[in-house]
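So the chains spell out like this:
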Amino acid sequence: MERETLILLEKFDQLSLTDEERDAFLKFYDKQLEEKKALDAVDTENVERMVHVMPIMTVVREDEAKKIYSREDLQKGAPATSEGYWQVPRLVE
Amino acid sequence: MKKYETVIGLEVHIELATKSKIFCSCSAEFGGEQNDHVCPACCGMPGMLPVTNKRVVDLGMTAGMMLNCEINRTTTFDKKNYYYPDLPCSYQTTQWFAPICVNGKVRIQTSKGEKDIRIKQIHMEEDAGKLVHDDWTDTSLVDYNRTSVPLIEIVSQPDFSSAEEVVAYLERLRSLLRFAKVSQCRMEQGSMRCDVNLSIREEGETKLGVRTEMKNMNSISAITRAIEYEVARHIDALENGTEELVQETRRWDDVKGKSYAMRSKETAGDYRYFPDPNVMPIVIDDEWFDSIKASLPEFPEVKKARFIDELGLSEYDADLITQSRAFCDCFEAAYKECGEAKEVANWLISDCMNMLNKKGSTMDQLKVDGTALGKLIKLVMESKVTRGNAKKILLVMDEETIDPEKYATENNFIVSNDTANIEKVIKEIVAADPKSVADYKGGKEKALMALFGKCMKTLKGNCDPQVLRKILLEEIDKA
Ligand SMILES: [Zn+2]
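Order-wise, the sequence lines are chains A and B. So for the first sequence, the working numbering puts the first residue at 1; every next one is plus one. So for the second sequence, the working numbering puts the first residue at 1; every next one is plus one.
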C-alpha cells in the first residue's frame, strides 16, 4: 500500500498515526497481501459468490413498532446531551 | 455557438411506508420528540444486531415490479463507510454487491412524445439522523429518530436530456409508488428526495462531459430551476471559459437561484463498501415472489380506461379519481355496494374532496370506507336519508367506522314516512304565518322558500323534500 493511501484512510476514519505507526502498519499490511497472493492459484471460474459465512439466510421480522428503551436510559452514558439531543463537537461548516 | 446536449442521471431516495425501522423495531413515524424513536441498535451501541424488517423487502420488491425490474432472488446488505455524527455506526447499511432490483425501465410522456428511462438498480438502505447546529454552545445536536428509517434508492441510467423529462419521470415514479402503497412520496416531508447528476457534451460526442451532482433536492420546481441553471453554467464554462468545470457536489440555493460548490468534506467519498456480516442475506423463494406479484395494483392508466369504458365515467372524473389509490379503492368498493358509478364519482369528487381540502389532507388520506359510502349512497337514492343529512354522516365516516343506516337510525336521520306527522307540522306552520302564505299567493316565490325552510327545520330535515313541497303547496292552496 502506498503511504498516501494510508494517510487518506486515516483522514476518512478520523485517525492520525505517527510515522513509526505508519511504517509498522504498511510493513504488516504488505506482508498480509503477499501471503494472500497464494489464493490467486485457486481456480474460482465456476464458483458462486459466497454471500455469507454462516448458512443462515433470510432472518426477518414482521413490521411492528415497539418502544422498549427510554431516551433517558440510552443517553446515560453520553458525554454530553442537551434537551434530549446527543451533543457533539461542532462540525466545520 | 456549438450545439450541446444535456445528460442527466437521477438517484431518487424514497422513504418506505412501514411502521417500524429497517433493522430494529423502533417507530418509523415522521415527527416525534427528538430521540424518542431510538433503541441501542439504531443509535449504534456496540454489540447490537440488526434484524431485517420483512415489509421493507416486500416494498422493495413491489417497487421493482412496478418499474419493470428484475428481482435478485438472493440479495445482500453491505456497509458504506463514512464518518459523520448523523450516522451513529460510522457506516450506513445499504446494498452494493447484490441490490434487490436491477435493469428496470419507466415509460415517460413529454411534449416530445414517449421515452423509456432505464433503471440501473434499486437498493434498500437505512436513512441517516438529523443534525442541528447550536450557535450558542458552538456544538452540534444529534437526533437519531430518522436513523435507520427504511429507504429505497432508485438509480437511473443517464437517460434524461431535459428538466421536462426529469419532472415527467419523478411524477410517474410518484404515481406508481403511491399506487402500490410503497411510499407516500411527499417531497415536502422529505419522503422523496432526489440527487441530480448532470453533464453537458457537444452534440454527436459519445464521451460524457464533466459531471456535477446536486444532492437532496426536494421539490419539483427547485429541480427544474437547478437543472436549467446548471446547464447554463456548464455551457457558459465550455463556450466562454468563465470557469473550469470540475467533478464535484454542489448545493442548490433555491432562494438565490444559484448552485454552490460544497466543501470537500462532503464530497471526499471513498466509501470502502464491504459485505455487512451482521445482516443475513435475504433469499426470496417462489412463494414470496409470487405473493408480491399477486398483490400489485392495476396501473393507474389501466384503471382510468376501465372506469371510462366499463363504468361510463367521464374522462375528467376518471382522471381525478385515479390520482389516488385511496380514492380508487373507495370508488370500487362503493360501486360494488350500490352499483351507481356516476353517483359514487360525484360523492368522491365534490363531497369527499371538499372535506379533505378543509382538513388540509391529501387524497391518499381519505379514510371513508368504500362499502359504507356505497350504503350511504343507497340510502339517499332510496330517499331514506336526505342528501343534506348524508353529508353530515359522511363527515363522521371519515373519522370512525360506522354503519350508515344504523348511525342514521340512532341519530334520527332517517326520513320519516309518517305523512300524517308531516301534514300536521305543515298545517301548524301555514296557519301560524298567514303573511307568508299571502305573499306567496301574491307572486313572491321567496315566501314559499321561507315556509319550506321552517317546515324542514321543525322536521329536522328528515323528510323527502319532494314530498314536503307537494304537501306544502296543497296546504297553501287550501289556506
Ligand atoms: Zn431502533
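Quick caveat, the hints were computed from the structure, so don't treat them as lab data. All C-beta atoms in this analysis are idealised placements derived from N, C-alpha and C, irrespective of residue type, glycine included. Watch out, some of these pointers could steer you wrong.
Going by beta-carbon spacing under 8 Å, a handful of chain A positions derived as facing chain B [stated by the list, open to error]:
(1) 12
(2) 59
(3) 62
(4) 69
(5) 84
(6) 86
(7) 89
Identify every previously stated hint that the structure contradicts and give their numbers, smallest first. none
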